[in-house]
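Trainee: As given, the protein sequences belong to chains A and B, one line each in that order.
Note that my numbering has the first sequence beginning at 1, numbered continuously upward.
Note that my numbering has the second sequence beginning at 1, numbered continuously upward.
Worth flagging that the hints you see were computed from the coordinates, not collected in a lab.
Here are the simulated distance ranges between beta carbons:
hint: 1; chain 1: B; residue 1: E144; chain 2: A; residue 2: R81; range: 26 to 34 Å
hint: 2; chain 1: B; residue 1: Y14; chain 2: A; residue 2: P55; range: 29 to 37 Å
hint: 3; chain 1: A; residue 1: A106; chain 2: B; residue 2: P18; range: 19 to 27 Å
hint: 4; chain 1: A; residue 1: A106; chain 2: B; residue 2: G113; range: 52 to 60 Å
hint: 5; chain 1: A; residue 1: R103; chain 2: B; residue 2: A246; range: 30 to 38 Å
hint: 6; chain 1: A; residue 1: G117; chain 2: B; residue 2: Y14; range: 33 to 41 Å
hint: 7; chain 1: A; residue 1: Q247; chain 2: B; residue 2: A75; range: 47 to 55 Å
hint: 8; chain 1: A; residue 1: Q247; chain 2: B; residue 2: D136; range: 24 to 32 Å
All C-beta atoms, glycine included, are put in the ideal place defined by N, C-alpha and C.
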Amino acid sequence: MTYLEVSGLTVRTAGDRTLVRDVSFALDRGDRLGLIGASGAGKTLIALSILGLLPRGLRAEGRIRLDGTDVLGAPERRLNRLRGRAVTAVFQESLAALDPLMRLGAQVAQPLRHRQGLRGKALRAAVVAALESVRLADPERMARAYPHEVSGGQRQRVAIAMALACEPALLIADEPTSSLDTTVQAEVLGLLDRLIGRTGAGLLFIGHDLAVVAGVARRLLVLDAGQAVESGPVAGVLSAPAHPRTQELVGTARRLRGALERMSP
Amino acid sequence: MTPVLETRAITVRYRRGPDVLTDVSVTVPEGHGLAVVGESGAGKTTLTRILLGLLRPLSGAVLLDGAAIDGRLSALRRAVQPVFQDCYSSLDPRQRVDRIVAEPLRSLGLVTGPDRRAELARRVAEALSCVGLPEDAARRYPHEFSGGQRQRIAIARAIAGGHRVLIADEPFSALDAVTTARLVDLLSGLRERRGLTVILVTHDLAVAAALCARTAVLERGRIVEHGETAAVLGRPRHPHTRKLVASVPRLPS
Ligand SMILES: Nc1ncnc2c1ncn2[C@@H]1O[C@H](COP(=O)(O)OP(=O)(O)OP(=O)(O)O)[C@@H](O)[C@H]1O
Ligand SMILES: Nc1ncnc2c1ncn2[C@@H]1O[C@H](COP(=O)(O)OP(=O)(O)OP(=O)(O)O)[C@@H](O)[C@H]1O
Ligand SMILES: [Mg+2]
Ligand SMILES: [Mg+2]
Numbered sequence: 001m002t003y004l005e006v007s008g009l010t011v012r013t014a015g016d017r018t019l020v021r022d023v024s025f026a027l028d029r030g031d032r033l034g035l036i037g038a039s040g041a042g043k044t045l046i047a048l049s050i051l052g053l054l055p056r057g058l059r060a061e062g063r064i065r066l067d068g069t070d071v072l073g074a075p076e077r078r079l080n081r082l083r084g085r086a087v088t089a090v091f092q093e094s095l096a097a098l099d100p101l102m103r104l105g106a107q108v109a110q111p112l113r114h115r116q117g118l119r120g121k122a123l124r125a126a127v128v129a130a131l132e133s134v135r136l137a138d139p140e141r142m143a144r145a146y147p148h149e150v151s152g153g154q155r156q157r158v159a160i161a162m163a164l165a166c167e168p169a170l171l172i173a174d175e176p177t178s179s180l181d182t183t184v185q186a187e188v189l190g191l192l193d194r195l196i197g198r199t200g201a202g203l204l205f206i207g208h209d210l211a212v213v214a215g216v217a218r219r220l221l222v223l224d225a226g227q228a229v230e231s232g233p234v235a236g237v238l239s240a241p242a243h244p245r246t247q248e249l250v251g252t253a254r255r256l257r258g259a260l261e262r263m264s265p
Numbered sequence: 001m002t003p004v005l006e007t008r009a010i011t012v013r014y015r016r017g018p019d020v021l022t023d024v025s026v027t028v029p030e031g032h033g034l035a036v037v038g039e040s041g042a043g044k045t046t047l048t049r050i051l052l053g054l055l056r057p058l059s060g061a062v063l064l065d066g067a068a069i070d071g072r073l074s075a076l077r078r079a080v081q082p083v084f085q086d087c088y089s090s091l092d093p094r095q096r097v098d099r100i101v102a103e104p105l106r107s108l109g110l111v112t113g114p115d116r117r118a119e120l121a122r123r124v125a126e127a128l129s130c131v132g133l134p135e136d137a138a139r140r141y142p143h144e145f146s147g148g149q150r151q152r153i154a155i156a157r158a159i160a161g162g163h164r165v166l167i168a169d170e171p172f173s174a175l176d177a178v179t180t181a182r183l184v185d186l187l188s189g190l191r192e193r194r195g196l197t198v199i200l201v202t203h204d205l206a207v208a209a210a211l212c213a214r215t216a217v218l219e220r221g222r223i224v225e226h227g228e229t230a231a232v233l234g235r236p237r238h239p240h241t242r243k244l245v246a247s248v249p250r251l252p253s
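Okay, chain A solo, but in the shape it has when bound:
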């Protein structure tokens, strides 16, 4: 059985506006699916639906099976057991994901304690190693700092380190590197790639930078106004986009990148 199966997923507001319409896809361990589409297309709502974390006021219909559990309608207790081990997410807004009143080291320690059973000295060493793995210089200072005492990209990397420490069977990454400069982004993506490769996890990667998504994912699913409009292997979709929306996204990405390339002699 496929690890994650989304079929006919539809998300509506209480006022009956449809935000996601009849989206279906499957993702197995070891698969890497890139979810792309314009701002507001419904990418984050799909991720939240899989986690059973849709905000109040929105409801999901259809079916989501994750590791044999029907997510939609499952009791919170059941979902809590899935989160962390079966599925973990890194979200767009890392400030919201971190506890403002807790030192970063203590936050990274939580999944390490739960998942790997580490305590005391071994735990402290693992926290420092996790922070180093996302290329944070001076990990001791980072561990002692509160979220507002570090830079945006440093915070984002702490959130990534936490998610990776869970060693989930499925990792959902929603724009995980979009606030990182190109150098650090390349290194963090490399880390993600190695870790997913080692643990054989599945990856659902949401991103607006097509070049980044293309480097990480093997298949693409294109969303437009809540609907899936195109899917296929990365190379195929990028070299011969079929849907006008995909053509527009790919064309504009190439044009913007061209502005930079024209400056180089």
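Given the structure of chain A, go ahead and fit chain B with the ligands onto it with the hints provided.
Mentor: Chain B with the ligands only, in chain A's frame:
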């Protein structure tokens, strides 16, 4: 011509900890964009806090229109409008989008007279449409929007007041290429029509190239390169800049 904003050899430190900016001098001529690029943690956001008067340097000077900003914070507020890196936390969750976008217009008392309400509504609608948000967005709350839509609400607020200078910290980080291109056009349009000066912190070097005539590169709190964008990004001399340019992800052709 006097630059609209300038730092002279500033050194900056947070309460506990080492120097975060060391001997940083940048000049921003009116109407010319400045891009600030550099690795995560290099001090880009800190530099914007200095230029916004939210943080004071340990030494060195910060100038607005050629005069030190000390004691001139209200002049600074009238001239300079920010878009913060964590834009979601800068949007008040209890206020509807129309109030949020109108905030700079209200607090600076820019709209007066008997038709004040209608004029505010008109300006809000115009700003929202500029950033590609639907009209009904005005009556909704920030949590009802996607990440990129929230970022656009923050940009709409920033342009609504008609300030001379926009200091935007990664304003497009959550936006797809099509929306980004649209906003780049919007800001270059404002620069041409209104002489808007844009100070842009960005990791997207293509956006820096499209929008800013000059670029400053920060590495661990020091400026390592500062000049015409075409030269800095097109023929980078410093290894740090070279590395930034070389690691731009490429689309498979
Ligand atoms: N709580 C909510 N109530 C009402 N509408 C919502 C809510 N959350 C999201 N939406 C709307 O649903 C649509 C899809 O939102 P979603 O966050 O999934 O977009 P996205 O593809 O992740 O976009 P982005 O790239 O900008 O993050 C958007 O039009 C958004 O305005
Ligand atoms: N409030 C604070 N207290 C102490 N140190 C801080 C504080 N804010 C930032 N720093 C530190 O100052 C340095 C520069 O941070 P800054 O936010 O300016 O970086 P940045 O260039 O904007 O990085 P990013 O691209 O990740 O946003 C970092 O090492 C950061 O950890
Ligand atoms: Mg999103
Ligand atoms: Mg920053």
